[in-house]
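For the record, the sequence lines run as chains A and B. The opening position of the first sequence corresponds to residue 1 in my numbering, with each subsequent residue numbered one higher. The opening position of the second sequence corresponds to residue 68 in my numbering, with each subsequent residue numbered one higher.
These aren't lab readings, by the way, just hints derived from the structure by calculation. Where hints are given, some of them may not hold.
[What the hints assert, rightly or not] Computed cross-link-like contacts, EDC-like style, restricted to lysine to aspartate or glutamate with a CA-CA straight-line distance of at most 20 angstroms:
| id | chain 1 | residue 1 | chain 2 | residue 2 |
| --- | --- | --- | --- | --- |
| 1 | A | K22 | B | D166 |
| 2 | B | K231 | A | E64 |
| 3 | B | K95 | A | D19 |
| 4 | A | K36 | B | D235 |
| 5 | A | K22 | B | D235 |
| 6 | B | K176 | B | E105 |
| 7 | A | K55 | A | D14 |
| 8 | A | K7 | A | E18 |
| 9 | A | K51 | B | E105 |
| 10 | B | K98 | B | E108 |
| 11 | A | K51 | A | E65 |
| 12 | A | K5 | A | E59 |
| 13 | B | K236 | A | D19 |
| 14 | A | K5 | A | D58 |
| 15 | B | K237 | B | E227 |
| 16 | A | K23 | B | E105 |
| 17 | A | K22 | B | E108 |
| 18 | B | K237 | A | D58 |
| 19 | A | K36 | A | E63 |
| 20 | A | K23 | A | E64 |
| 21 | A | K36 | B | E105 |
| 22 | A | K5 | A | D19 |
| 23 | A | K36 | B | D166 |
| 24 | A | K23 | B | E108 |
| 25 | A | K23 | B | D96 |
| 26 | A | K5 | A | E18 |
| 27 | A | K5 | A | E64 |
| 28 | A | K22 | B | D232 |
| 29 | A | K23 | B | D166 |
| 30 | B | K95 | A | D58 |
| 31 | B | K231 | A | D38 |
| 32 | A | K36 | A | D58 |
| 33 | A | K7 | B | D235 |
| 34 | B | K236 | A | E18 |
| 35 | A | K22 | B | D96 |
| 36 | B | K176 | A | D58 |
| 37 | A | K22 | B | E105 |
| 38 | A | K51 | A | D19 |
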Amino acid sequence: MKNLKLKAARAGLDLSQEDLAKKCNVSRQTISAIEKGDYNPTINLCIAICKTLNKTLDELFWEEEEA
Amino acid sequence: MNARSAGLAIGLFVGLIICVVFFKYWNKDGKLKTQYDEKQEIVRGRAYKYAFWTLVVYEAVMCILSGFSFNLHADMFIMHFSGIIIAALVHASYSVWNDAYMGLNTNSKRFTVCMILIGLVNLLSGIAAIASGSLVIDGVLQAPFTNLLCAFIFIVIGVEIGVKDLIDKKGGEE
Chain A
1 MKNLKLKAAR AGLDLSQEDL AKKCNVSRQT ISAIEKGDYN PTINLCIAIC
51 KTLNKTLDEL FWEEEEA
Chain B
68 MNARSAGLAI GLFVGLIICV VFFKYWNKDG KLKTQYDEKQ EIVRGRAYKY
118 AFWTLVVYEA VMCILSGFSF NLHADMFIMH FSGIIIAALV HASYSVWNDA
168 YMGLNTNSKR FTVCMILIGL VNLLSGIAAI ASGSLVIDGV LQAPFTNLLC
218 AFIFIVIGVE IGVKDLIDKK GGEE
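Same shape as in the complex, but just chain A (with noise of 0.2 angstroms):
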């Protein structure tokens, strides 16, 4: 499932995937493949990009459920 909520973080904040990827110590192609939904990333790395773009876990990898 895409992460549609990291992609606008990220845009938010006008950084570009290479951005992120280098403040959170990983590669361009790990962001893509999170924001595609095709890479669950670990919890130490979820907190990493948190913190990066200042949200919460929840705000970044919370999935709602479908009404």
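Starting from the structure of chain A, add chain B where the hints point.
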């Protein structure tokens, strides 16, 4: 220890030193160890698994062929080395296509230059062996064939990295 064994030992030692020099050159931080992120580590784990089974199957096939006294017209050293090259190619190809070949601290330009250099050196050595007639002796492929195998693998990996880069650039950031 005869001259051939001594030459092999010295060659291996020099090869090891050259590997250390190359690793320190193409890693941005000058470290020997290449760093990979968590996703890359997972992908590389799978790549190692596929390479391992490729080598196991290869060696099993060699054993069976040997059991049937099948003459492969190649030195035993080449038969085993070929298996290692094929397994290494499987690992590298899987890693390249799943974005796990280049590490976080790899300088891709320096790495590509090194790949081309190593491929060329091996290709030239192989061509020299063909020219001197030492590649095939009495209808049996000799050790210099390993240079051609090495040139092949480096060229294939280099092409794969180049093609993957082009595909990534065309795709752009999503």
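Comparing the hints with the structure gives:
1. A:K22 <-> B:D166: Holds, because 16 angstroms separates the two Cα atoms, which is no more than 20 angstroms.
2. B:K231 <-> A:E64: 35 angstroms, violated
3. B:K95 <-> A:D19: 18 angstroms, holds
4. A:K36 <-> B:D235: With a Cα-Cα distance of about 15 angstroms, the restraint between A:K36 and B:D235 holds, given a limit of 20 angstroms.
5. A:K22 <-> B:D235: 18 angstroms, holds
6. B:K176 <-> B:E105: 23 angstroms, violated
7. A:K55 <-> A:D14: Holds - the C-alpha atoms of A:D14 and A:K55 are around 15 angstroms apart, at most 20 angstroms.
8. A:K7 <-> A:E18: 13 angstroms, holds
9. A:K51 <-> B:E105: 18 angstroms, holds
10. B:K98 <-> B:E108: 18 angstroms, holds
11. A:K51 <-> A:E65: This hinted pair is violated, its Cα atoms lying about 25 angstroms apart.
12. A:K5 <-> A:E59: 7 angstroms, holds
13. B:K236 <-> A:D19: 16 angstroms, holds
14. A:K5 <-> A:D58: 10 angstroms, holds
15. B:K237 <-> B:E227: 15 angstroms, holds
16. A:K23 <-> B:E105: It holds: about 15 angstroms lies between the C-alpha atoms, which stays within 20 angstroms.
17. A:K22 <-> B:E108: 17 angstroms, holds
18. B:K237 <-> A:D58: Between B:K237 and A:D58 the Cα gap is close to 33 angstroms, so the pair fails against 20 angstroms, i.e. violated.
19. A:K36 <-> A:E63: The hint holds at about 14 angstroms.
20. A:K23 <-> A:E64: Violated. A:K23 to A:E64 sits at ~27 angstroms, over the 20 angstroms cutoff.
21. A:K36 <-> B:E105: 17 angstroms, holds
22. A:K5 <-> A:D19: The given pair, whose Cα atoms are some 17 angstroms apart, holds under the 20 angstroms limit.
23. A:K36 <-> B:D166: Judged against 20 angstroms, a Cα distance of about 15 angstroms means the pair holds.
24. A:K23 <-> B:E108: Given pair A:K23, B:E108 holds - Cα atoms ~19 angstroms apart, limit 20 angstroms.
25. A:K23 <-> B:D96: Holds - the C-alpha atoms of B:D96 and A:K23 are around 17 angstroms apart, at most 20 angstroms.
26. A:K5 <-> A:E18: This hinted pair holds, its Cα atoms lying about 17 angstroms apart.
27. A:K5 <-> A:E64: It holds: about 11 angstroms lies between the C-alpha atoms, which stays within 20 angstroms.
28. A:K22 <-> B:D232: 19 angstroms, holds
29. A:K23 <-> B:D166: 19 angstroms, holds
30. B:K95 <-> A:D58: Roughly 36 angstroms separates the two Cα atoms, so the pair is violated.
31. B:K231 <-> A:D38: Satisfied, since the Cα-Cα distance of roughly 18 angstroms is no more than 20 angstroms.
32. A:K36 <-> A:D58: It holds: about 18 angstroms lies between the C-alpha atoms, which stays within 20 angstroms.
33. A:K7 <-> B:D235: The hint holds at about 19 angstroms.
34. B:K236 <-> A:E18: 13 angstroms, holds
35. A:K22 <-> B:D96: This hinted pair holds, its Cα atoms lying about 15 angstroms apart.
36. B:K176 <-> A:D58: 40 angstroms, violated
37. A:K22 <-> B:E105: Distance ~14 angstroms between A:K22 and B:E105 Cα, so the pair holds.
38. A:K51 <-> A:D19: 14 angstroms, holds
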